[in-house]
Amino acid sequence: KKPMKARVTVLIGCSAAGLKFKPLVIGKSIRPLCFRRMNMADLPVLYYHQESAWMSSELFTDYFIEEIVPTIKKHFPQQRVIVTMDNATCHPPSLNDIDDLIDVQFLPPNTTSLIQPCDQQVIFSLKSCVRNVYFSKLLTYVRTHAEADNPFWTP
Numbered sequence: 020k021k022p023m024k025a026r027v028t029v030l031i032g033c034s035a036a037g038l039k040f041k042p043l044v045i046g047k048s049i050r051p052l053c054f055r056r057m058n059m060a061d062l063p064v065l066y067y068h069q070e071s072a073w074m075s076s077e078l079f080t081d082y083f084i085e086e087i088v089p090t091i092k093k094h095f096p097q098q099r100v101i102v103t104m105d106n107a108t109c110h111p112p113s114l115n116d117i118d119d120l121i122d123v124q125f126l127p128p129n130t131t132s133l134i135q136p137c138d139q140q141v142i143f144s145l146k147s148c149v150r151n152v153y154f155s156k157l158l159t160y161v162r163t164h165a166e167a168d169n170p171f172w173t174p
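Under our numbering, the sequence shown has 172 at position 153, and the numbering climbs by one with no breaks.
No wet-lab data here; the hints were simulated from the structure. Hints may be right or wrong, so weigh each one.
Listed next, the in silico DSS-like pairs over lysine-lysine satisfying Cα-Cα at most 25 Å (straight line) [to be verified]:
1) K92 - K156
2) K92 - K41
3) K92 - K39
4) K41 - K156
Between the sequences and the hints, there should be enough to build the whole structure, so can you do that?
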């Protein structure tokens, strides 16, 4: 049996002023089975799909246009804003051409883990919360579906 190759990419973003952007989740499926009875527009994240489930410059540009620019415009109307991003290949320099009031600046290469706040604590906190929710739901499932003759599954 082949190992499962489930993969997702999650992008989170925030501002120094405390503004949080809607997270972006990239999966392999066009419509994952877990969302089959849901309206995808009602999700608390933006869901995109791609065969590799990795970020591409096209997906990031779409996310930048659909989420980042409107959120910035809503909270900082008619103000010049500097957006700082790491120097990833999926962050194209053409982002500077999208809006005259939004200036995208890229961090120097190989400095992300040293100076980017999201890599220091925010991502760690997000992963901790996701693990907590996952294991809580797993424990609830095990407790409600435990077989009486299987002491391993009995709480």
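For the pair supplied as a hint, K41 and K156, is the alpha-carbon distance within the 25 Å limit? 24 Å, holds
Take the C-alpha atoms of K92 and K39, compute the straight-line distance between them, and say whether it is at most 25 Å. 13 Å, holds
Can you confirm whether the C-alpha distance between K92 and K41 stays at or below 25 Å? 15 Å, holds
Would the pair K92 and K156 pass a check requiring their Cα atoms to be no farther apart than 25 Å? With a Cα-Cα distance of about 38 Å, the restraint between K92 and K156 is violated, given a limit of 25 Å.
Hint compliance for this structure: hint 1 alone is broken.
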